[in-house]
Amino acid sequence: MSTQTPAPADERRGTLRGAVDGIRSVELTTSQKLMVFVLSMSLFGLSNIILEIIPDPSIGPVDISVSYMVFVPLTIAALFSPFWAALGAPLGEIVFTDLLMGDFSGLAEIEGYLQMFLAVFIAGSLIRNPRSKGQIAVGSIVLVLVDKILSAIVDLSKVWIGVEDAEFVEGLPQSMLALETLGLGVDVVMSGVLLGAIPAVWLIPALHGKIEPLMGMRPRVAGEPIPGQAQASGVFVGFAVLLSIVSFGFAFLEAFDISAGAFEPDFLDMFGDWFILVSIVAIVVVLGLAILLFRLSRTSKSTADRS
Amino acid sequence: MPTVPPTTHPTAQQAAPQQATAQRATLRDTASQDPAPQEAAVQDTPAAQAAAPVIRVKDLSFRYPGTDRDTLRNVDLTIERGDFVAVVGGNGSAKTTLCKTFNGLVPHYWSGDFAGSVHVGGIDTWESSVAELSARVGYVYQDFQNQLVRPTVRDEVAFGPLNFGHADYRERTDEALAQLGIEHLRDQFVWQLSGGQAHLVALAAVLALRPEVIVVDEPVAELDPARAGEIYRRLRDLNEREGLTVITIEHHADFIAQFAKSVVLMADGAPVWHLPIQEAMDRHADLSSHGVPAPDAVALTAAVGAPHVALDVDSAVRILRPALREQQVPGSEPVPAAAGAGNDGQVPGPDPATPASGMVDTGPEAGETVADTAPPAVVASLRGVHHGYRTVAGGLSTVLDGLDLDLHAGEKVALVGTNGAGKTTLMKLLTGLIVPRAGTVTVDGIDTRSRSAARLADHVSYIYQHPQQMFLKDSVREDIALFPRGRRVEDAEAIVDRVVAEAGLSALAERDGRSLSGGQQRRATLGIGLAMRPRLLLLDEPTSSLDIRSRDDVTTMLESLSGTVQCAVVATHDMELVATWATRVLVLDRGRVLADVTPQELFSRPELTTQTRLVPPQAARIGLELGLDPLPLTAEDLRARLRTIDGTVESARADHLSRTDGLGATGFDTTGTGER
Amino acid sequence: MARKTHDVLSVDWVRLELLRTAYSTRGGLFSRMDPRMVLAWYLVMAIAPWFTHSTGVLLVLFVLGAASVVLARVGPLVLGLFLIGLLGNVVGLFAASFLFGGDLGTLVALGELNLKLGAVSMASMAAFVSLDPEKLSDALLWFRAPELLAFGVSYGYRMLPILVDEYVTVFEGQRLRHAPVEKPGFLGLRVVWQWCVLAVTAFYPIMLNTAKNVRTTVEALETRGFTYGAKNEAGRTLRLAYLRVSALDVTVVVVTVLLVAAAFLVGPGVPVIG
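Chains as they are written, first to last, in my numbering: chain A, 1 to 307; chain B, 1001 to 1676; chain C, 2001 to 2274.
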């Protein structure tokens, strides 16, 4: 046991080890990534549960309910890291509502995950200054647009292929198209503006500078490079396009499943079962490419940091 | 050291380990003047002769990124294998940061400027990793609930060993559960656990990695004292039986005195000293000046000039008995100033005819026996109230069972009882957040069934246990103003200004509540409640998880409530608060009022406190052992009955005053939480 | 208007239902099975309906799905939400195509699609309601799902009750401290609007509080070797060593496959319109 002698003057006695503070990397540490991921997952999951148990009002055929609280993942993407927020948010939705409520829809979940991931990632990366109301508003609407347009296309194709002789059912295709368009409009207003832009424009600046220290992180400053941000580079565009194709791939795989029993024998003769196989192979190839591209972009980024 | 006689007091703890031997007469006066090296102390602990030290810190400094001063500064510290160390110090003294250097979280997880070295079991932490160090140093967090990451207890405990790929993870899990005696919790879901159980599970999860050192960060913060005592006894077992080195961060000196073998006093990012427990307690003035006031046993035995202060109730009783003054005529007793406010107008002079007998289950009339005038107005009443909750399994668990109760104007009611006794349910019934399944609840003349909770909020306000749940806006002022502005109260702004000043938060009013220190947060939530200008104010555990100093601030603020609020009800485990503040104590047990008494009666009846797992304040326990009548409730009361060395009520009293006076003055920690 | 304690359709009921669902406290057939086999069973039941357009077959599969929901003892909340969703979908789409000049034929076509979706949904309800988070997370790990996903599942379920409680508490505070709406307005729309505003603004404190909690959690994960374990195979092998396929598992899956096959044989003969 000892009693400490007061330090002579204000001098550090020990030798400094490792790097001196000041060299700050844009990259988040592993633990910070994990924190952003877990936060995004928990909060978006919570918001989904709340929406799930609120009855959905619908006026006639148009469901005017809110599909999700856009401002939740957008806030985390804007304040911390678009990439990790985007990874966590759709998982939160799957875990908290889909798995828990037994609403798991198999392959469509993967499709939903990829769509939501892209939407949050792109929208979050658009917000360069967390205090800019314009950027935030644009971000929320883009988020809904990206997600909803992708899923509308998927939905339309599903019904088109899925329902036997869809074109012979009077009025169905037209009504589907009209409904999807109307639905998209409603979604942009309800999810994108009412529960997107309006809360986000208030919430993001309010939390900026407050929430980061609670997690032991430094608030983002406008103009600084954003950790885990989508790069407007060829690599990223290719990556995004590939991901959307994969998401379609899953959807179409399902669509082909739907229609497998419906194919006329001559149709099957013409294309054979390989049609389904081909789509599976395509997905695998495209997914592999995407992962490869992604790895590539990350290593190039980190080497850029090091140099 | 004299030996400790067998204990007779029902709530007495085991005798503290007599670690420090051969103490030379270290008078506290000399000690407080001279914090110079005391080499004598270094050699004579048994631990020092054992194996190599388990933790050796040398010239350690650490600075978090983006701050302009070192959080830890030139720390030299040696912790022997098998020691039970209490790390104490005020807010912002970097206790937690220091302990996080032991398992490598600093510098591997929280990076920053790291100078000097920390060796754990011979390994340089800088060269090692969190994973490797975690197997040697286990860490139980203050907010341990968030440390539990898996759904079931068994899986939670096995999580660490599985991650590290220990093939014997089952044995380790069973062993850890057995060590803490919680095998029966094995298949429970984590969210079903009570606070005390959850803490034990967090501890078991850490033990399953078979560490050499275990760090426990403020167990008392989130647990009631009885449960915290339980945790400490388990820790002592581990320390004594398994030879585990235990390090606790602690504000409550009574636990330190009872359980620790040595004490590290931290101030401004460096240890002031590290001494064996007896010597550390003899220097209670040092502790007190760093925000860790001495426990009553220590303060009182020091006041009578004992060469070595007593560490627990029993030894204090032995030392104090000869120093007792003759029993005085009770009426002539001086009322100590600091405790005066709490005792005003009730506790009539102890009349031998109405001592601490009866009054069990006397129901609504009980309150009137303490008031000597006409019965005051009834603020709230419950008639035949039954309430229960649906359980996950689908059954109905009864929480309140046929409750009849009246709360009167001018009363300061403490609601005590074990967890699950129905305290929170009773409070929620009074707020109108829930309505009873049977019976009626009337608040301010309004049947709670006839009004929505939001409208009842004009009459009654409820302050949650966790302040962060009440900070809805982005600044303290906005939070306080929310209610009066929303209801368009006239002169709302004036009310807000007054409340902010009363809470002593003028300088901090524009900050977010979460960025304040624990005590400031509580005062802010009290302010929120006061700005609602209720007739009835309900508070859930207003002093839990506070260090002593902040707790006294809150108590002082509670004293001043009487001006605005007609009746205040506090649900609490904090018996010091009951002793100094309450005029009426309702003891709840299994949904019924077990007793409706004054604090004095409560603490005079050991059978009652034992049954409901309450731990009376040390002074009251000492007083009871000494057979004093009337029972002293605070150290000041008791001191007045003693022949102190200087014959006056000096330092301890002065300490107390300096802690409690001048709310809002500069004495407060205005620097924020300082927790890092 | 006297208030009273409601045992169903109250906030507390929803909370309890969520817990019962999440932790499959109701028991049921599938909760006794090996999680991997439950997933396999789910695959059979979820994929089969996509391979037919025969309303008869779909009807039989739908009945199978309903039977499994009963066997799995799915709770009323989840079931209720499912039924509302299904009916809403049918009615909505029918009304829409009627608007665009459809007729009863449309309804039949839609009925087919909804039978299909319903059968799949019921299978997923039965499967996932019966899997407690630990088992599900272990099964995912066994199928080589990313560690982060397996962890997310188990952590999500663990946090769920806490998050919901925290939200309910904050929302209560919001309600108590904001002035109630003086006039409810048309159809009580003002009240609904206020509740919506409060529900959204409650996220400000919730986000801050959760951020604070997450920090401890992630730190604790680190000290307990989470990132270490993710990189090392040994932990995974140990964790999954307990998974055993029992006779019950095999029986259930075989019976299901037989029943589904039977459905495809018998189905076309089932008399239905269209």
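Incorrect hints may appear among the rest.
Derived SDA-like pairs: lysine to any residue, alpha-carbon spacing no greater than 20 Å straight-line [what the hints assert, rightly or not]:
no., chain 1, residue 1, chain 2, residue 2
1, C, Lys2135, C, Thr2201
2, A, Lys210, C, Arg2236
3, C, Lys2004, B, Leu1433
4, C, Lys2004, B, Thr1398
5, C, Lys2135, C, Gly2269
6, B, Lys1473, A, Leu16
7, B, Lys1058, B, Asn1091
8, B, Lys1428, B, Gly1384
9, C, Lys2135, C, Ala2241
10, B, Lys1428, B, Asp1447
11, B, Lys1058, B, Ser1117
12, C, Lys2212, B, Val1489
13, B, Lys1473, B, Ala1492
14, C, Lys2231, B, Gly1165
15, C, Lys2135, C, Leu2148
16, C, Lys2212, C, Arg2144
17, B, Lys1473, B, Asp1447
18, B, Lys1473, C, Leu2148
19, C, Lys2183, B, Gly1195
20, A, Lys133, B, Pro1065
21, C, Lys2212, B, Gly1195
22, B, Lys1428, B, Arg1535
23, A, Lys210, B, Gly1384
24, C, Lys2135, B, Ala1492
25, B, Lys1058, A, Arg131
26, B, Lys1058, B, Asp1143
27, B, Lys1428, B, Asp1491
28, B, Lys1473, C, Ala2230
29, B, Lys1428, C, Gln2174
30, C, Lys2212, A, Lys133
31, A, Lys210, B, Trp1191
32, C, Lys2135, C, Val2266
33, A, Lys133, A, Val188
Rather than coming from a laboratory, the hints here were simulated on the basis of the structure.
Cross-check of the supplied hints:
no.: 1; hint: C/Lys2135 <-> C/Thr2201; result: 36 Å, violated
no.: 2; hint: A/Lys210 <-> C/Arg2236; result: 38 Å, violated
no.: 3; hint: C/Lys2004 <-> B/Leu1433; result: 11 Å, holds
no.: 4; hint: C/Lys2004 <-> B/Thr1398; result: 16 Å, holds
no.: 5; hint: C/Lys2135 <-> C/Gly2269; result: 40 Å, violated
no.: 6; hint: B/Lys1473 <-> A/Leu16; result: 42 Å, violated
no.: 7; hint: B/Lys1058 <-> B/Asn1091; result: 23 Å, violated
no.: 8; hint: B/Lys1428 <-> B/Gly1384; result: 16 Å, holds
no.: 9; hint: C/Lys2135 <-> C/Ala2241; result: 12 Å, holds
no.: 10; hint: B/Lys1428 <-> B/Asp1447; result: 14 Å, holds
no.: 11; hint: B/Lys1058 <-> B/Ser1117; result: 5 Å, holds
no.: 12; hint: C/Lys2212 <-> B/Val1489; result: 35 Å, violated
no.: 13; hint: B/Lys1473 <-> B/Ala1492; result: 17 Å, holds
no.: 14; hint: C/Lys2231 <-> B/Gly1165; result: 11 Å, holds
no.: 15; hint: C/Lys2135 <-> C/Leu2148; result: 16 Å, holds
no.: 16; hint: C/Lys2212 <-> C/Arg2144; result: 32 Å, violated
no.: 17; hint: B/Lys1473 <-> B/Asp1447; result: 31 Å, violated
no.: 18; hint: B/Lys1473 <-> C/Leu2148; result: 34 Å, violated
no.: 19; hint: C/Lys2183 <-> B/Gly1195; result: 43 Å, violated
no.: 20; hint: A/Lys133 <-> B/Pro1065; result: 30 Å, violated
no.: 21; hint: C/Lys2212 <-> B/Gly1195; result: 19 Å, holds
no.: 22; hint: B/Lys1428 <-> B/Arg1535; result: 16 Å, holds
no.: 23; hint: A/Lys210 <-> B/Gly1384; result: 47 Å, violated
no.: 24; hint: C/Lys2135 <-> B/Ala1492; result: 55 Å, violated
no.: 25; hint: B/Lys1058 <-> A/Arg131; result: 45 Å, violated
no.: 26; hint: B/Lys1058 <-> B/Asp1143; result: 29 Å, violated
no.: 27; hint: B/Lys1428 <-> B/Asp1491; result: 29 Å, violated
no.: 28; hint: B/Lys1473 <-> C/Ala2230; result: 40 Å, violated
no.: 29; hint: B/Lys1428 <-> C/Gln2174; result: 15 Å, holds
no.: 30; hint: C/Lys2212 <-> A/Lys133; result: 26 Å, violated
no.: 31; hint: A/Lys210 <-> B/Trp1191; result: 29 Å, violated
no.: 32; hint: C/Lys2135 <-> C/Val2266; result: 35 Å, violated
no.: 33; hint: A/Lys133 <-> A/Val188; result: 18 Å, holds
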